[in-house]
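Enquirer: Here is what each chain is made of, one letter per residue.
Number of protein chains: 2
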Amino acid sequence: MAVTLKLLAERTGKSITTVSRALAGYDDVSEETKELVRRVANELRYTPNFLARSLQKRRSRTISLILPTVGPRFSDPFFSEFLTGVANMAAERGYDLLLSVQAPDEGEMELYRRKVSSGQVDGFVVVRTRRRDPRIEWLHKSQVSFVAFGRTENDADFPFVDVDGVKGMRLIGEHLIGLGHRRIAFLSSPSELLFVEHRLDGLRQAMAAHGLDPEEIRILPGDLTQKSGYEATVSLLDDTNPPSAIVACNDLMALGAMSALHERGVSVGSDIAVTGFDDIPMAEHAHPPLTTIHQPIYEIGRMVCEKLVRLIAGEELASRSKILEPRLIVRSSCGSLRKQSEQAGG
Amino acid sequence: MAVTLKLLAERTGKSITTVSRALAGYDDVSEETKELVRRVANELRYTPNFLARSLQKRRSRTISLILPTVGPRFSDPFFSEFLTGVANMAAERGYDLLLSVQAPDEGEMELYRRKVSSGQVDGFVVVRTRRRDPRIEWLHKSQVSFVAFGRTENDADFPFVDVDGVKGMRLIGEHLIGLGHRRIAFLSSPSELLFVEHRLDGLRQAMAAHGLDPEEIRILPGDLTQKSGYEATVSLLDDTNPPSAIVACNDLMALGAMSALHERGVSVGSDIAVTGFDDIPMAEHAHPPLTTIHQPIYEIGRMVCEKLVRLIAGEELASRSKILEPRLIVRSSCGSLRKQSEQAGG
DNA sequence: CTTGACATCCAAAACGTTTTGGTTTAGAGT
DNA sequence: ACTCTAAACCAAAACGTTTTGGATGTCAAG
Numbered sequence: 215m216a217v218t219l220k221l222l223a224e225r226t227g228k229s230i231t232t233v234s235r236a237l238a239g240y241d242d243v244s245e246e247t248k249e250l251v252r253r254v255a256n257e258l259r260y261t262p263n264f265l266a267r268s269l270q271k272r273r274s275r276t277i278s279l280i281l282p283t284v285g286p287r288f289s290d291p292f293f294s295e296f297l298t299g300v301a302n303m304a305a306e307r308g309y310d311l312l313l314s315v316q317a318p319d320e321g322e323m324e325l326y327r328r329k330v331s332s333g334q335v336d337g338f339v340v341v342r343t344r345r346r347d348p349r350i351e352w353l354h355k356s357q358v359s360f361v362a363f364g365r366t367e368n369d370a371d372f373p374f375v376d377v378d379g380v381k382g383m384r385l386i387g388e389h390l391i392g393l394g395h396r397r398i399a400f401l402s403s404p405s406e407l408l409f410v411e412h413r414l415d416g417l418r419q420a421m422a423a424h425g426l427d428p429e430e431i432r433i434l435p436g437d438l439t440q441k442s443g444y445e446a447t448v449s450l451l452d453d454t455n456p457p458s459a460i461v462a463c464n465d466l467m468a469l470g471a472m473s474a475l476h477e478r479g480v481s482v483g484s485d486i487a488v489t490g491f492d493d494i495p496m497a498e499h500a501h502p503p504l505t506t507i508h509q510p511i512y513e514i515g516r517m518v519c520e521k522l523v524r525l526i527a528g529e530e531l532a533s534r535s536k537i538l539e540p541r542l543i544v545r546s547s548c549g550s551l552r553k554q555s556e557q558a559g560g
Numbered sequence: 215m216a217v218t219l220k221l222l223a224e225r226t227g228k229s230i231t232t233v234s235r236a237l238a239g240y241d242d243v244s245e246e247t248k249e250l251v252r253r254v255a256n257e258l259r260y261t262p263n264f265l266a267r268s269l270q271k272r273r274s275r276t277i278s279l280i281l282p283t284v285g286p287r288f289s290d291p292f293f294s295e296f297l298t299g300v301a302n303m304a305a306e307r308g309y310d311l312l313l314s315v316q317a318p319d320e321g322e323m324e325l326y327r328r329k330v331s332s333g334q335v336d337g338f339v340v341v342r343t344r345r346r347d348p349r350i351e352w353l354h355k356s357q358v359s360f361v362a363f364g365r366t367e368n369d370a371d372f373p374f375v376d377v378d379g380v381k382g383m384r385l386i387g388e389h390l391i392g393l394g395h396r397r398i399a400f401l402s403s404p405s406e407l408l409f410v411e412h413r414l415d416g417l418r419q420a421m422a423a424h425g426l427d428p429e430e431i432r433i434l435p436g437d438l439t440q441k442s443g444y445e446a447t448v449s450l451l452d453d454t455n456p457p458s459a460i461v462a463c464n465d466l467m468a469l470g471a472m473s474a475l476h477e478r479g480v481s482v483g484s485d486i487a488v489t490g491f492d493d494i495p496m497a498e499h500a501h502p503p504l505t506t507i508h509q510p511i512y513e514i515g516r517m518v519c520e521k522l523v524r525l526i527a528g529e530e531l532a533s534r535s536k537i538l539e540p541r542l543i544v545r546s547s548c549g550s551l552r553k554q555s556e557q558a559g560g
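Heads up: the sequence lines are chains L and C, in that order. Here our numbering is used: the first residue of the first sequence is 215, the next is one more, and so on. Here our numbering is used: the first residue of the second sequence is 215, the next is one more, and so on.
It should be emphasised that the hints constitute simulated quantities derived from the structure, not laboratory data. Keep in mind it's a predicted model, so treat the numbers as computed, not measured. From the three backbone atoms N, C-alpha and C, an ideal C-beta is built for every residue, glycine too. Any given hint could be a false lead.
Straight line, CA to CA, 20 Å or less: simulated EDC-like cross-link-like pairs of lysine to aspartate or glutamate [claimed, not checked]: (1) L:Lys536 / L:Glu367; (2) L:Lys355 / L:Asp378; (3) L:Lys441 / C:Glu498; (4) L:Lys271 / L:Glu246; (5) C:Lys441 / C:Asp415; (6) C:Lys441 / L:Glu520.
Some, not all, of what chain C presents toward chain L, calculated at C-beta under 10 Å [claimed, not checked]: (7) Ser229; (8) His354; (9) Asp427.
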């Protein structure tokens with residue numbers, strides 16, 4: 215049925231070894247023979263059996279990405295773009311991408327272990343890193359190739375790509391303080407995720423740098439979803455002394471906040487400032503467009519994957535880790551500068 | 215290094231055959247031996263080599279999803295949820311998911327072919343079906359297992375899951391006409407995608423059912439992105455006789471339209487009605503919340519995957535295809551009923 | 001004592017590659 | 001005539017499973 219080396223050997227009158235080596239381009243095969251083999255291989259549309267090859271080479275040219283979902287359903291606007299970056303780079307380098315979904319529980323580590331010891335994958339892309347991350351500890355200890363998107367608290371030196379969240383949120387803070395905001399609320403999320411901590415730190419640094427007390431930041435819990443941004447904001451509005459600026463730790467929560475504000479008739483941009491973080495596609499088209507920090511998420515996906523492929527190939531990485539510079543995108547959700555001066559003038 | 219059947223055989227003093235059959239639960243192995251083998255396998259943390267097993271069984275227990283991206287980057291809010299559905303069901307059934315990204319060009323079919331003939335995957339999930347879809351033609355002809363999300367024009371009877379777009383958009387049409395709208399614009403996209411055609415048909419049917427001329431629908435080109443919804447709407451607003459309702463063929467375009475309307479100071483809901491299709495998470499939190507058609511996208515992912523797994527296992531499918539009933543979600547982007555009556559009263 | 005049935009086990013082949021460790025042949029050098 | 005080298009080739013082993021087709025031993029029935 216399938217076209218195998220055996221068939222090619224019969225058709226060319228050569229041995230399986232020779233056919234194999236001809237296709238692989240070894241120079242102990244004559245030019246004529248190579249030509250012949252290639253021709254017949256093309257005619258019969260020969261495709262090497264991936265399983266047999268991987269079994270023998272003990273390399274599967276496959277990388278794994280295990281998505282730590284919380285509920286059964288989740289919706290991360292980042293996800294598709296990051297994944298496309300990873301998948302595109304993987305394809306360019308001749309790798310395949312095996313995707314799994316697994317809640318961060320007891321089963322999680324077992325899944326990692328099995329993927330490795332079954333010979334299925336050569337390495338991992340780790341996403342949504344946690345403060346103390348058992349995945350990274352295990353992968354590091356087991357000497358399995360991996361690259362993370364995000365950092366952890368344990369000081370183990372492992373390869374990762376991340377955006378400088380501290381600096382990013384400092385930029386947001388500076389921007390808001392520059393616009394005159396003093397009463398700031400921060401829409402947070404479970405502190406298990408380290409990047410949230412980074413972002414809050416950045417905001418605190420900006421406060422401190424301007425002689426303001428970082429303790430004055432009003433911190434509200436959330437879980438990164440629009441819904442939780444909405445709910446947190448509703449509770450804020452019932453307060454006697456509501457903040458003049460709402461700093462959300464991601465865009466989704468910022469959009470939820472804006473939704474609550476609209477509902478209450480509070481005008482975003484003039485009555486209150488709202489900022490996000492991530493610059494998801496929706497941010498630009500929100501109403502009003504959202505001031506936020508841009509993360510080049512597609513590029514990050516590519517970088518993570520490229521590092522991983524290098525690692526698997528045994529190359530030395532010039533730099534194990536890379537922290538990207540954040541970029542402040544000023545839109546009108548904090549009031550445009552023009553508006554500010556108008557207000558000052560009026 | 216790795217724990218193999220050979221090692222287990224040595225440790226238990228049995229043959230490789232017996233160890234293999236013990237673990238597989240055959241009843242030509244004594245209970246004691248099974249117990250012994252299981253114990254040792256657990257102690258040594260034996261994991262079957264996936265590649266060797268698949269090679270021998272000629273089944274990889276892996277399904278493939280090849281994402282037909284347009285540009286290098288894309289952002290589909292559906293994607294993450296659909297994929298999670300597929301991946302979750304795959305995991306439940308003991309399957310893995312291999313993800314690739316490939317533009318719909320010459321390379322596309324070659325990729326499908328290679329995945330099959332390399333023995334890498336047992337079947338495919340096909341997404342974003344096109345009117346005449348070479349992927350489906352080829353898979354059908356080659357007798358490869360696959361399930362599609364969406365239909366095609368060619369009448370080949372293949373398994374798919376889809377939402378009844380005609381009916382969905384008819385519901386939207388009825389709703390708008392019931393609210394008194396007559397001048398309707400439709401934000402379309404390249405007609406290569408069949409579902410867009412279905413949706414337009416539904417709108418036409420609603421018009422015709424109420425004695426209105428379907429030809430009166432003003433159709434504007436687009437490409438399913440917010441940006442194109444925005445641009446189409448801007449061009450509409452420059453018109454002398456702008457429509458009273460904008461029907462977008464998906465939510466993203468509807469959000470782009472709303473963004474343009476806000477910018478021009480047109481009030482969505484009272485001055486003009488806007489509708490979407492899909493019910494992405496953002497729709498609920500838009501300003502105003504978007505009236506749209508709900509698609510249970512996570513469930514669809516699960517259904518598609520389950521059908522595929524069944525097909526691969528050689529089970530007869532009770533129903534090869536499934537067309538889901540659409541559900542109209544009325545929010546306030548067309549004006550709330552209360553508002554309507556207020557207007558009437560004033 | 002033979003036969004058959006049954007329970008338990010296992011050697012070898014197979015899946016399709018790549019790698020190892022050769023062999024064969026022709027021609028050059030001495 | 002002999003050895004050496006280089007070019008071209010290939011048989012067999014290996015990767016780790018599962019399956020095929022027995023083999024062996026025990027016990028009961030005849």
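Enquirer: Run every hint past the structure and note whether it holds.
Expert: Taking the hints in turn, this is what the structure says about them:
1. L:Lys536 / L:Glu367: Answer holds: L:Lys536 to L:Glu367 is near 16 Å, not above 20 Å.
2. L:Lys355 / L:Asp378: Distance of about 26 Å is beyond 20 Å: violated.
3. L:Lys441 / C:Glu498: holds, 10 Å
4. L:Lys271 / L:Glu246: With a Cα-Cα distance of about 27 Å, the restraint between L:Lys271 and L:Glu246 is violated, given a limit of 20 Å.
5. C:Lys441 / C:Asp415: violated, 24 Å
6. C:Lys441 / L:Glu520: violated, 31 Å
7. Ser229: violated, 21 Å
8. His354: violated, 19 Å
9. Asp427: Since chain L brings no Cβ nearer than about 33 Å to C:Asp427, farther than 10 Å, the hint is violated.
The structure shown violates the earlier hints numbered 2, 4, 5, 6, 7, 8, 9.
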